[in-house]
Amino acid sequence: MERKPPPFPDSEEQEAHSEKAEEESGDDDDDDDDDGGEDIFTGNDLFSEEGSYPGVQEPSVDNQHASNGLRSDDDEQDLFAEARVELSLDRSSTKGIREVTRSSPSAPDISYKSSTSKMSFEKPEEEESNDKFELNIAVTHPEKVGDGMNAYMVYKVSTQTTLPMFKSRAFSVRRRFSDFLGLFEKLSEKHAQNGYIVPLPPEKSVVGMTKVKVGKEDTSSTEFVEKRRAALERYLHRVVSHQNLLQDPDVREFLEKDELPRAVSTQTLSGAGFLKMINKASDAVNKMTIKMNESDNWFEEKLQEVENEEQQLRKLHAVVDALVNHRKDLCGNTAVFAKSMAMLGNSEDNTALSRALSQLAEVEDKMEQLHQEQASNDFFIFAELLADYVRLLGGVRNCFDQRIKTWQRWQDAQSTLQKKREVEAKLLWANKPDKLQQAKDEITEWEAKVTQYERDFERICATVRKEVLRFEKEKSNDFKVHIIKYLESLLVSQQRLIKYWEAFLPEAKAIS
Amino acid sequence: MPTISQEYKTALRSVSVDLNNDVSLLIDIPDALCERDKVKFTVHTKTTLSVFQKPEFSVPRQHEDFIWLHDTLVETEEYAGLIIPPAPPKPDFESPREKMHKLGEGEATMTKEEYTKMKQELEAEYLAVFKKTVQVHEVFLQRLSSHPVLSKDRNFQIFLEYDQDLSVRRKNAKEMFGGFFKNMVKSADEVLISGVKEVDDFFEQEKTFLLDYSTKIKDSTTKAERMTRAHKNVADDYIHVAAILNSISAEENTALKKHLDKFSDMFEKLRKVEGRVASDQELKLTELLRYYTRDIQAAKDLLYRRARALADYENSNKALDKARLKSKDVAQAEDNQRQCMQKFEKLSESGKKELTSFKGRRVVAFRKNLVEMAELEIKHAKNSVSLLQGCIETLKNC
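Protein chains in written order, with our numbering: chain H, 1 to 512; chain P, 1 to 398.
Because the hints were derived from the structure by calculation, they are not lab data.
One-sided and incomplete, this derived list gives chain P residues near chain H with beta-carbon spacing under 7 Å: (1) ARG226; (2) HIS240; (3) LEU388.
Computed from a prediction, not measured in an experiment: that's the story for all the values here. We put the CB at the ideal spot given by N, CA and C, even for glycine.
All chains, full assembly: derive it from the sequences and hints.
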């Protein structure tokens with residue numbers, strides 16, 4: 001039962017969009033799609049995945065892995081441990097199924113001149129209102145397809161949902177990296193100019209991909225694949241937790257359709273590419289000589305906040321990155337030390353001391369594992385969160401720029417209209433009736449445009465406001481959740497540490 | 001002038017145990033002063049022995065004075081059968097100084113708070129190096145004072161008592177002994193390894209053991225140093241994370257602010273714990289390995305000397321046989337042979353004693369340090385656990 005996609009607030013503009021770039025039959029530069037590494041997954045059934053991800057260490061004793069991007073055997077039953085996205089209906093429409101199709105945030109009656117009172121902060125629990133639909137998405141099973149430089153990586157995108165707009169309740173498709181970029185491109189084309197914050201997909205990486213293509217099966221390529229898989233999953237979560245985007249048929253198609261037409265223009269538009277575009281656009285906007293006369297400072301202040309925050313997060317990300325690397329160093333050094341200690345234990349001629357030194361070597365081996373896992377947590381829970389938000393904040397900046405562009409377009413139309421009126425006046429004076437009619441037509445045309453553009457501007461102001469508040473809320477929740485997750489990972493690590501040393505202590509005391 | 005707390009001293013001293021409990025000669029270094037590159041130690045002696053002029057006295061000494069004392073002991077023929085306690089390593093402030101320099105260069109890029117914290121960390125590191133060098137010099141003297149033979153050494157007594165500068169003596173010693181000792185050490189391995197056939201099982205075993213162990217422990221020391229340094233880096237990173245989280249939180253005015261505050265606070269607290277873990281590991285593990293690497297070397301030196309004496313002995317036997325054959329200078333040869341034999345036997349006897357007690361000492365020291373290290377790791381981890389649990393609890397209820 002196909003549902004008609006809900007009318008978009010600016011549906012008239014949507015139809016005005018030309019079809020996407022013609023498909024070039026040439027090779028798409030798919031250097032981003034290739035991942036090496038073995039695929040050990042063969043399961044077709046969505047819910048019976050077995051085996052662990054390449055590069056994951058043997059299943060940890062405790063369940064701390066649940067809090068990071070790495071899966072281990074324990075997670076096999078619950079593929080969607082990380083995948084839950086709870087959607088709630090907008091508070092204003094509490095009825096049943098049909099309400100899902102109503103797009104809520106269009107409210108054009110909120111004039112941009114309205115008060116700047118921020119939405120009061122709501123606890124996440126409040127979202128569990130009466131009608132809750134579930135939508136869980138997981139990106140799993142990276143699989144290499146093809147060989148050599150033409151190889152690429154395919155991911156399984158599995159959806160589990162009670163939303164009626166989908167054809168079934170559980171389904172999965174195979175997607176490659178360029179498909180994700182293609183989705184982003186479509187969404188940003190349609191929605192970014194209306195002031196929506198479109199989530200950014202993960203970065204392309206020529207270096208990472210080449211290694212994988214070449215078939216190098218070392219830890220760095222498996223790490224890379226895992227990093228990408230996790231990032232793609234987060235990307236989809238962000239997309240579907242945005243109510244408007246979820247309604248976009250492209251999103252549904254991405255999740256549901258068996259075969260997607262190859263996205264070809266993704267060479268230019270990736271996360272990094274888009275960011276570059278945003279920055280260029282920003283510069284262009286800044287160069288605009290006519291400054292907006294803001295009747296309230298909300299937008300200016302907010303934009304400043306966003307820019308500051310982006311800077312700060314960048315700094316923090318750099319530092320956390322250093323932490324990850326240092327912890328990896330520590331991990332490596334500990335392993336080397338453990339081996340050395342084992343050799344020393346062998347060489348020791350006092351029996352009890354020899355045994356104790358060997359035990360110490362084993363403890364240090366376990367410590368190495370701990371450090372390794374903690375470094376992974378540092379990365380997936382902390383560093384990647386920051387990286388995501390640095391990108392997202394770029395997207396937020398973009399929607400502010402779009403607003404200014406929209407304003408500019410309105411202003412330009414107004415001045416064009418003015419010019420047309422002047423022309424008309426001149427023609428009246430010069431008494432040229434045939435040209436006069438044309439002038440009058442043009443005036444009518446431009447009057448309509450001015451009205452349209454003014455409405456557009458009001459609308460985008462409202463959208464931007466709403467989007468920013470939604471984004472802030474989401475960010476707040478995201479950070480809160482991750483902070484706790486991260487601290488819990490540290491906690492588990494320390495608890496295991498205690499166990500190891502407590503096991504060692506009697507051995508040390510037994511030396512005589 | 002930094003002083004060293006008693007607790008810290010006793011903690012440090014566990015590297016070599018059972019020292020300084022013979023009341024007749026008590027030595028410690030209560031004070032030390034750092035002047036640019038040079039460290040001036042105040043060596044304090046309390047004694048009931050009549051050989052000294054006063055019952056209690058202090059003298060200032062430099063690192064070079066310790067080296068002079070060590071070298072003269074090594075060169076003393078009489079002590080050939082003893083394990084001479086290893087010389088303390090030169091005070092090395094290179095690492096904290098370099099870091100301090102880097103910090104100065106990077107000052108502009110960090111917040112004032114961050115800079116202050118890093119500076120504090122570095123000052124603590126500097127102080128730790130300082131304390132370690134004091135401790136290692138102190139232990140050297142205490143091992144001498146607790147040795148039945150070495151404690152009576154005249155040069156040792158001069159070192160403790162002489163209230164003038166020792167630099168004149170140092171120069172003389174250098175001229176006298178020059179590179180003799182160094183040359184011996186160079187070929188020592190060859191002597192031992194290729195050397196004469198060992199007659200005594202005990203020494204044969206010791207030789208095999210010490211040669212192998214010394215390589216391994218040297219390796220372990222290096223690896224341990226790298227490990228503890230990496231640990232320190234992680235702890236330092238926590239400072240930066242805390243600082244930036246702090247400044248982000250300052251500009252945040254939603255409910256997230258509280259979370260960020262607590263998160264930043266947690267990093268700050270955790271880094272103190274991690275810092276302690278790193279430095280305790282350094283003291284208990286790395287320092288232990290370092291010390292015994294040097295001590296093993298001293299034991300090896302004893303073996304070299306004995307091996308050399310054995311070689312001399314064998315040569316004297318050969319010479320005696322030859323003399324008897326030729327019936328020329330027999331008495332002289334007999335004399336020589338007897339001397340060599342006596343020297344060799346003396347060395348063997350004292351060597352056996354020394355090496356046996358060395359074994360015992362080593363095992364005891366390892367035990368003590370490993371136990372203490374495990375206990376400290378557990379203590380710090382439990383501390384971290386309670387900090388984290390508290391924070392998580394608060395955040396969940398936030």
